[in-house]
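The chain contents come next:
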Amino acid sequence: MAEYSRLAKGHFTSTGQSQVVNLPFQPDRVELLNYTLANTNATSQNVVRAYWDVSMGQGQAVIEGYNATPALIFDVISSGGISSFAAGQLLQYGPVYSHNSVASADFSITAANPAVVTTATAHGLGSGNVVIFSNLYQTATTGMQQMAGVPMTVTVINSTSFSVNWNASGSNYTAFNSATSTGNVGSWKQVLYPYLYAPEQAVITGINRTVNEQFTGAANTIQTAAAHNYQVGQEVAFRIPSPWGTTQLNSLPDVLIPGSPIYWYVIAVTQNTFTVGQNSLSAVPNVAGYTAFNPNQTFASFPGLKFPQVVPVGDVNSGGVQISAGSQLYPPPLLWNGYSNTQASSINGPAIQGAFVNNTSQGFVVGAGAGRVLTTASLVGANGNVIYWAAYFDDLSVN
Amino acid sequence: MAMRQAEDLILRDYIVSAASDINAGGGSNGDNPTNLGLSDFSLVATTLDSNNAYKFMSGIEGMDRFGTGPIRSAYFMLSSTELQTDFDSLVGQGVLNNWNYPTNASALPSEWGSVFNVRILTSSEAPVARGASANAQDVYYNAVMGKQAVTHINQDGYSMNLIYRDPYYSGMLAQNATLAVKFAQAQAITQDTAIRNLLCTRLSSLGGP
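These protein sequences, in sequence, are chains W and D. Take the first sequence: its position 311, counting from 1, is numbered 311 in the numbering used here, and each next residue is one higher. If you want the numbering used here, it's the position in the second sequence, counting the first as 1, plus 1000.
A couple of the hints might just be wrong.
[Unchecked claim] Just the calculated beta-carbon pair ranges, DEER-fashion: (1) D/LEU1011 with W/SER101: 34 to 44 Å; (2) D/ALA1188 with W/ASN100: 44 to 54 Å; (3) W/GLY183 with D/GLN1185: 45 to 55 Å; (4) D/ASP1008 with W/VAL232: 29 to 39 Å; (5) W/ILE323 with D/GLN1155: 16 to 26 Å; (6) W/PRO70 with D/ASP1008: 51 to 61 Å; (7) W/ILE347 with D/ASP1166: 23 to 33 Å; (8) D/TYR1158 with W/ALA218: 42 to 52 Å; (9) W/GLY57 with D/GLY1059: 55 to 65 Å; (10) W/ASN184 with D/GLN1155: 51 to 61 Å.
No wet-lab data here; the hints were simulated from the structure. In this text, a Cβ means the ideal position worked out from N, Cα and C, and glycines have one as well.
Produce the entire structure from the sequences given, and follow the hints as far as they go.
Spelled out as structure tokens, the structure:
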């Protein structure tokens, strides 16, 4: 009875955040063993083993760890456990978090840089996840609708608080609170698979013409709302509508060579920022002399508001990812894929750096959830823990 | 799912991911993006014209027939069938259904009609982001493209295979039925200035299936 079953095993070093494991199948059963903690003296809240079956439900797990005594006990994780996924279609979303959708599921957003979201119940997100907002009306004419509809990377502060890459400190933003807003219909939801293709077009949320001008970073650096997945050496083009200020970056019009788009070279990258160097017109563009980027858009302007964007237009002509100690023989691209702040390998083989790659994937996610008794434990372990896993897709699943 | 549909869906998802967007702003529903207004068609065609994109179709000369009008040379816009009610609401304001063309001999089977320099093709598989607008309404992605915007390459000598082994015997010892497709293809945006995703919402929710 092994016609269709799939078996896989492996290990990873935990970063302390939820971990994605890409597989050529979607497992219905996963087992974990924290080798580091198994090799450590019994300590309260250490989770040594975990077991998940799809019939338990997504995000659940049975764990075996130490209580305060410390004695080894079984416990259950009901949120932030293990879940399987299949990222095959665009534009899928998680549950809507809003007033009344869950008991006491209100949330608020600060008018600050970055904007910070505080939720009444655990938000269940991990850093690196992507969310979008809707209906951020504090009153009929004030609120934060200017940031609604934009996919944004989340940085988790704690279980009920996270920040997003948006500068809402301008005078046109009014702090939002779904408990007191007009109609109480404000909401957010997770974009489940935001990077089926990479690199992507991205919405710009800040431009540093000089060091630390709008966010902590070097001069000539652009911050994007969600991860951009650009590579050093890549060419990019800008589309910045005039209300946002820095239109001099735009690829068109080109006053020197009419009709020829102006492309910029990327010289440094992080998850949500990239630095540009020369462009196709000038080796030393005077970015400091450009108009300042203006994120302080008026609330009244939000209907039909056009967002500033950057798009990838050219790859890196130096081939694929270089082989290195411990890497795969033909290393696939490493991508921020919206599951965590850690880059993960595409399952689709090697590719030229910066070229568009299909990033569809499937596999399972190990969350950082805690148990019912072991309330401060973490399923995925602490940073540096070595986790061994085995994943199965069974031929015959009776129930 | 039809065998070739898989290829189309991959190309669709790629365009949604990689091409830059224009949020519709000419509509009246107060959302971001708004519903499609006439000025949005004008804006997107003007943008592509300014970027020196090539049009797909030459125009259709006017004829002496009731209810028809000449058709401009045009870019293609790939839209959802769910937007057809919005297009209908614009008929008479510059929008022509393909039955109002002087001759619809050159109209494609999926062609709904024409607005200014845009000819609209509709499909039930066009991308829709459910509840993703500023007001939590569905956002429709309408790829408007010039001729040189996108290329699709079926790799040499390796088109598409349907792999099917029928369940000729159903039993514990012969569980070997399988159905799959295998194909090798590549897509590229060859000219990023010649393509825009025109994002919009709908004038009002229709309900129904």
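Tested hints:
1. D/LEU1011 with W/SER101: 34 to 44 Å: Holds: the Cβ-Cβ distance is about 35 Å, inside 34 to 44 Å.
2. D/ALA1188 with W/ASN100: 44 to 54 Å: holds (46 Å)
3. W/GLY183 with D/GLN1185: 45 to 55 Å: holds (47 Å)
4. D/ASP1008 with W/VAL232: 29 to 39 Å: holds (34 Å)
5. W/ILE323 with D/GLN1155: 16 to 26 Å: Hint holds: Cβ distance 25 Å, inside 16 to 26 Å.
6. W/PRO70 with D/ASP1008: 51 to 61 Å: holds (57 Å)
7. W/ILE347 with D/ASP1166: 23 to 33 Å: holds (30 Å)
8. D/TYR1158 with W/ALA218: 42 to 52 Å: holds (45 Å)
9. W/GLY57 with D/GLY1059: 55 to 65 Å: holds (58 Å)
10. W/ASN184 with D/GLN1155: 51 to 61 Å: holds (53 Å)
In this structure, none of the earlier numbered hints is contradicted; all agree with it.
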